[in-house]
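K.L.:
The residues making up each chain are set out below.
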Amino acid sequence: MRISVQSEPFDLGRETAEFARARTDMGAVVTFTGVVRDLPGSTLHAMEIEHYPGMTEGALKKIATEARDRFALGDVLVIHRFGRLTPGEMIMMVATAAPHRKDAFDAAEFLMDYLKSRAPFWKREITEDGAAWVAARDADERALERWSGDPAGD
Amino acid sequence: MDVLYFAWVRERIGIARETVNTSAPTVNDLVDELRAREERYAAAFEDTSALRVALDQELSEFDASLEGVREVAFFPPMTGG
Numbered sequence: 024m025r026i027s028v029q030s031e032p033f034d035l036g037r038e039t040a041e042f043a044r045a046r047t048d049m050g051a052v053v054t055f056t057g058v059v060r061d062l063p064g065s066t067l068h069a070m071e072i073e074h075y076p077g078m079t080e081g082a083l084k085k086i087a088t089e090a091r092d093r094f095a096l097g098d099v100l101v102i103h104r105f106g107r108l109t110p111g112e113m114i115m116m117v118a119t120a121a122p123h124r125k126d127a128f129d130a131a132e133f134l135m136d137y138l139k140s141r142a143p144f145w146k147r148e149i150t151e152d153g154a155a156w157v158a159a160r161d162a163d164e165r166a167l168e169r170w171s172g173d174p175a176g177d
Numbered sequence: 017m018d019v020l021y022f023a024w025v026r027e028r029i030g031i032a033r034e035t036v037n038t039s040a041p042t043v044n045d046l047v048d049e050l051r052a053r054e055e056r057y058a059a060a061f062e063d064t065s066a067l068r069v070a071l072d073q074e075l076s077e078f079d080a081s082l083e084g085v086r087e088v089a090f091f092p093p094m095t096g097g
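These protein sequence lines map, in sequence, to chains A and B.
Count the first sequence with my numbering and you get residues 24 to 177, in order.
Count the second sequence with my numbering and you get residues 17 to 97, in order.
Don't read these hints as lab results, they were simulated from the structure.
Treat each hint with caution, since some may be false.
The calculated lysine to aspartate or glutamate pairs, modelled on DMTMM-like cross-linking and capped at a C-alpha distance of 20 Å, are [stated by the list, open to error]:
1. A:84 to A:61
2. A:85 to B:77
3. A:85 to B:79
4. A:85 to A:168
Please put together the full structure from these sequences, using the hints given.
P.N.:
Okay, here's the thing in structure tokens:
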């Protein structure tokens with residue numbers, strides 16, 4: 024399990040290749056990558072990501088550990104950046120490795136759902152109209168509900 | 017105890033962290049004390065349902081006890097990913 028909170032860019036191809044190569048008993052590797060995108064109808068100059076040093080690493084570790092306990096998972100990787108990013112840049116990635124694809128896909132979704140509203144990151148969009156904090160979406164909070172059942176009963 | 021502010025809470029209050037001498041038994045009591053200080057605190061804590069709190073870096077509730085807590089952080093709902 025590797026968690027990295029960093030300002031530097033990461034190499035998606037290299038990270039994924041290294042992650043996939045690390046275990047020979049895993050039949051599936053799933054990755055998700057978050058990318059800064061332009062806003063509809065407005066030009067995004069930059070996205071600024073603030074975080075809570077110390078708590079962030081702990082929260083991500085807790086989420087990753089929960090994913091590992093909940094699914095038949097061999098390994099987890101989470102990289103999340105902070106600082107000033109421009110459109111097209113990769114913000115974050117998760118990778119999951121499992122013997123079978125369903126656990127790898129489900130675990131990646133679980134990680135993303137929890138990371139969105141339980142890891143202490145805040146985004147601020149800088150456009151020609153000024154700067155605005157991105158509001159949390161109700162849908163992100165609701166997305167957690169589907170994981171609230173008894174994991175053994177899924 | 018150390019009190020930390022993030023995102024627009026930090027912007028409204030104007031500082032990222034401070035040391036507060038308080039005997040507030042719960043987070044809500046601490047919020048009341050801060051609100052009474054100055055308008056910028058009152059503005060930041062106007063609606064606590066729009067805020068989250070972490071005690072010693074664990075997400076918590078506003079009615080939680082502050083006993084033994086060293087670090088309190090206030091921030092808006094998170095927007096990672």
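K.L.:
Looking back at the hints listed earlier, which ones does the structure fail to meet?
P.N.:
Failing hints, ascending: 1 and 3.
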